[in-house]
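Read top to bottom, the protein sequences are chains A and B.
The UniProt record's numbering applies: residue 1 is where the first sequence begins, and numbers increase by one.
The UniProt record's numbering applies: residue 1 is where the second sequence begins, and numbers increase by one.
Heads up, some of the hints might be wrong.
[What the hints assert, rightly or not] Here chain B is said to cover these stretches of chain A; the calculated rule only asks that three of the stretch's residues, wherever they fall, bring their Cβ under 8 Å from a Cβ of chain B:
(1) 100 to 107
(2) 279 to 291
(3) 295 to 308
(4) 345 to 355
[To be verified] Quick partial rundown of chain A residues pointing at chain B, CB under 7 Å, derived from the structure:
(5) E169
(6) E173
(7) S174
[What the hints assert, rightly or not] Derived coverage of chain B by chain A (criterion: at least 3 residues anywhere in the stretch with Cβ under 8 Å from a Cβ of chain A; other residues may be distant):
(8) 197 to 209
(9) 262 to 269
(10) 295 to 306
Quick caveat, the hints were computed from the structure, so don't treat them as lab data.
As the structure is a computational prediction, the values presented were derived from the model and not from experiment.
Heads up, the beta-carbon is just placed ideally off N, CA and C, and yes, glycines get one too.
2 protein chains.
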Amino acid sequence: MKAIGVRDGAEQAELMEIPKPDPEAGEALVRTLRVGVDGTDHEVIAGSHGGSPEGEDFLVLGHEAVGVVEDPNDTDLEAGDVVVPTVRRPPNGPNRYFENDEPDMAPEGQYYERGIVGAHGFMAEYFTSPASKLVAVPPELAAYGFLVEPISITEKAVEHAEASRSAFEWAPESALVLGNGSLGLLTLAMFEQRFERTYCLGRRERPDPTIDIIESLGSTYINSNDTPVPEIPDVYEAPDLIYEATGYAKHPFEAIEALAPNGVLAALGVPGDWTFEINGGRLHRELVLHNKAVIGSVNSNVGQFEAAVESLGSLSEGFLESLVTGIYGLDEFAAAFDDDDTTIKNAVQFSTYEKR
Amino acid sequence: MKAIGVRDGAEQAELMEIPKPDPEAGEALVRTLRVGVDGTDHEVIAGSHGGSPEGEDFLVLGHEAVGVVEDPNDTDLEAGDVVVPTVRRPPNGPNRYFENDEPDMAPEGQYYERGIVGAHGFMAEYFTSPASKLVAVPPELAAYGFLVEPISITEKAVEHAEASRSAFEWAPESALVLGNGSLGLLTLAMFEQRFERTYCLGRRERPDPTIDIIESLGSTYINSNDTPVPEIPDVYEAPDLIYEATGYAKHPFEAIEALAPNGVLAALGVPGDWTFEINGGRLHRELVLHNKAVIGSVNSNVGQFEAAVESLGSLSEGFLESLVTGIYGLDEFAAAFDDDDTTIKNAVQFSTYEKR
């Protein structure tokens, strides 16, 4: 069968021919519909993140997939079910995080990630997965099912952020998303339903398709060239929740100060080393005297995938259409990995869904 | 009646004669037993924190009090009840934080603090307080009741830290207290009951009374001159919880890295401005990839005072005796404000408790 992978050191995605997998006990065989492309894929291709399975010299890409159950193989699934696979798989040997259904909390080195590190991904005509790691999606959401994984990342971050504020009556009204990439925009659309006022910070100038999306959601675009994060409280307001999806290492530290009293910052970016100056005394004092919180969040669990399916269903068709730049077939898959200022979200299509 | 206060600009505590207060409706009159002295009192005396009530040129000190109800004044209290007052009082006009019984979450400027900012404290022979802000203490704990307020500070910080970890099955085993002042040692004694392994960091050399206390609790003393915070994971272990009670502005940033995966830092210090370099990229990445959390915490509410009464009752008499350096009568009150390396915790005694 056909797959899209990257050979060690090649720094380029390529079409490969690999054997069609056979499901083991407890696993189902899934026919792939669509698989999204995100920044992590670009890092994996560049070789700056992740790696091939042990003993192999290539990695099948893709961790944002949606597919149709082809062979339930004695699991509780049924042929024709639309499903989304979770990403992390257990290491060899027992692991308490996987036993607790909290693979997202496993420390580095205690997991594989399909399509990212140590396990082949979902960019193939078929994949197998334990049925327990396949989350059902209503058939009418099949076309956008590849967005469930990124949405689940936000579900987890928000769950942890809200938990951090659960010891008192938190009444947030405003939220700021740092970053107008596809994850930032998906998050903004979710926040529009949950907060009275939302803001999204980016560094693009008009005209720009992401600014159009932000404004059509009813949110306010903040151009960081005009209003950097530290000035947001004065120019707009101090947000109750700040969601960082830029990977810009100064943002979390600037955000601690920009937060409203009792506010929380959810950090999601994964920057490289960068040493810079901060007024650590002021940050420390501000954190304490105003009861602020910061949570870091990575990955997501089955429950958060299920919440993401609900959230996906609540997003408007118009928003989803504007978010997706292109859906590319295998004959033009390379275009899905192009990344310029006009690209918001691409996906590769492996097959089409037809309701039975 | 006699009171201990500080006149504006005097930078020194003095014995004063002020009128005995009359309780208003809803208030009780309390005869003061003992009032503890802490770092905040020293800052208030020095004029670097807090301030006198509006229109007055002095502030009665003291926010860590225990007393006996002298006149219940038609409240639900009874004469002879041993009580501890909370610290924050509402500003003029309605305030949602006070209405929710969460004055500890009120932003700066939306509260007075008795003995600290805008309201006279408890270092007087008598004080009045709304009955709703007086927390009952079992008579057998009267002698150490002045420790309820500092313990409540830790109850709140731990409540918020645990809340931040409540979205998953957190199974902490180890805790590190940064700071071996009286709050650090009280917290360490509480942590000894809750964690399998505890550590306390200070910068004192042996022989030192706080090191003796730390070791008699069964905890491990870490001398920061030998093992600074960033080296603790290698030399000891990466703690699941770090509690910062030093006010040293580099500690929170060092602690984020020193934490175990999924760990939480509770920050309580209130440093002045201090600009320094951090590897913000590494910190940001570490926070995210290991799902870490940071919470800032200040003050405490009635529920946390009640939890503190429970905790006080669980601490051993031997520990409490070793913690309290001196109890000084009004004739020698100045000694209670002496602060050198042999002082752990002082209190001023205004009257003695006799069981009815």
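Now for the hints, and whether the structure bears them out:
| no. | hint | result |
| --- | --- | --- |
| 1 | 100 to 107 | holds (count 5) |
| 2 | 279 to 291 | holds (count 13) |
| 3 | 295 to 308 | holds (count 4) |
| 4 | 345 to 355 | violated (count 0) |
| 5 | E169 | holds (5 Å) |
| 6 | E173 | violated (13 Å) |
| 7 | S174 | violated (15 Å) |
| 8 | 197 to 209 | violated (count 0) |
| 9 | 262 to 269 | holds (count 4) |
| 10 | 295 to 306 | holds (count 4) |
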